[in-house]
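Peer 1: Starting from the structure of chain A, add chains B and C where the hints point.
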Amino acid sequence: MQRTSAMIVALAMLTLGAAPLAKAGPAADLKAFQAYFQTRFPTLALQDYVDGPYNFSANDRAQWKQILEFPPYSFAVDAGKTAFGTKFPDGADYASCFPLGGIGIAQDYPKFDEKTGKVVTIGIAINECRKRHGLKPLSLTKGELADIVAYMTSTSDGKLIHVVIPNDKRAIAAYEAGKEYFYSRRGQLNFSCASCHVQAAGKRLRGQYLAPALGITASFPVYRSKWGDVGTLVRRFIGCNRKVRSVPAKPDSAAYRDLAYFLTYMSNGLPIAGPGARS
Amino acid sequence: MKRINCVLVAATFCLGVAHAAGKDDAARAIAAAAAKMKTAATLDDQWTPTVASFKAAKAAEATGDYANAEATAKRAAALAAASIAQARSQKRLWRNAVTR
Amino acid sequence: MAHQILVHATTSGGVTTVEALIKHPMDSGFVKGKDGKLIPPHYIEVVEFTHKGKLVLRGFWGPAVSKNPFIRFSFKGGASGDPIGVSWVDNKGETANMSASIM
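Protein chains in written order, with this note's numbering: chain A, 1 to 279; chain B, 1001 to 1100; chain C, 2001 to 2103.
Only chain A is shown next, with the shape it has when bound in the complex:
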């Protein structure tokens, strides 16, 4: 009798031991992330999050809507369309570098490049295209590249964000690195991205409301009144780093690629609302 029960216990332990402890992967993280915000802000529908800070102040929202009647990023989209359509010296063009000719694809970025093992944002893809055709890379933060991204993003207006994390160790590692970055405190002010955009989401930092991290990438590239100009997600990462007194990373660094990968993935299912306008 004792031997049987011992055997049963042993079998049970083997079975339990054999089953791997379910490590929260990206899909589980996504569910938890979106659920956290939906519980916190029950009056907001999922797609409302792309309005960022304008969900929290009727006055700010009204002013923002007024600005959008003739959007300040119109020049950037216009210039971006022209730049996008301009042929390279070797006769090729940007459309040849992207699926579907680069139209209506912004919602799929950032992507994981299986050949290089790195995350590729739409900005980096533009520079890789330029490199393949003998052109120098553009600044990843503003200027012509931001204009092109603004144009390409405008062709995806309303499409649902769809970042894919393939079942590849390197892709998952990049995702995890981005996740760690997001939650790690940095800078002399000792803030993480989460400090402001999760913990303090919907609250004010000086005179402005903080956008929740959910949906925050959807409106990029963004015309910021402060910049008087359109800037990319990387431009904002750099600005945020400086604000907490942390020396920013290089624009094409793995840190920012991976952060963009994680952060955009967390908004899967939300509609592209870019280019956008913010104060």
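Everything labelled a hint here was simulated from the structure, so no lab data went into it. The beta-carbon is built from N, C-alpha and C at its ideal position, and this holds for glycine as well. Mixed in with the good hints there might be a few duds.
[To be verified] In the DSS-like style, the derived pairs of lysine-lysine whose C-alpha atoms are separated by at most 27 Å in a straight line are:
hint	chain 1	residue 1	chain 2	residue 2
1	B	Lys1058	A	Lys243
2	C	Lys2067	A	Lys243
3	C	Lys2032	C	Lys2067
4	A	Lys203	A	Lys169
[Said to hold, decoys possible] Some chain C residues well away from chain A (every beta-carbon gap over 10 Å; in silico):
hint	residue
5	Thr2050
6	Lys2054
7	Val2065
Peer 2: Showing chains B and C alone in chain A's frame:
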């Protein structure tokens, strides 16, 4: 007269040594700060005031203000040390902040 | 060639509404740049809107108007397809113009 000369020579010598000591101390402090900053950089956690203090220390050194250079370099080293401590502890602590 | 002026006009109930976004630095001359030196004044002095070649609005702008100004105004009349013109001249003597049809 000879005695005064001796005293003067001795005084100049001492002052000269003290001056050199200030310069060496400043150089040492700057090197120490640079080393700490290198570690902070490898941990991807350099603070902007660290860089600013270091620049100020080097500027003071260049103008011969060694006391200031040493003090500012020590401040830079302290800031870098704090950022290293932050990076190391965050390696453990970041998971606590993950939304569940 | 990317545009410096974006304009559109709609008409309804005998009233035409014109909106324009004008790209211009509108530097007042009082702001210092990163080098600590004042950025020289560079702003639109006069902006004009025409309907079928006839002046409907003339604005006397200046350093108080901020960068990339947006203007919206209405006038009586106008029909779909009519040409609307906009032009400006700035303190440096530079000019730009654009036209659009009422939608």
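Peer 1: Now tell me if each hint is right for this structure.
Peer 2: Going down the list of hints, with the structure as the test:
| no. | hint | result |
| --- | --- | --- |
| 1 | Lys1058(B) <-> Lys243(A) | holds, 25 Å |
| 2 | Lys2067(C) <-> Lys243(A) | holds, 25 Å |
| 3 | Lys2032(C) <-> Lys2067(C) | holds, 15 Å |
| 4 | Lys203(A) <-> Lys169(A) | violated, 37 Å |
| 5 | Thr2050 | holds, 20 Å |
| 6 | Lys2054 | holds, 24 Å |
| 7 | Val2065 | holds, 14 Å |
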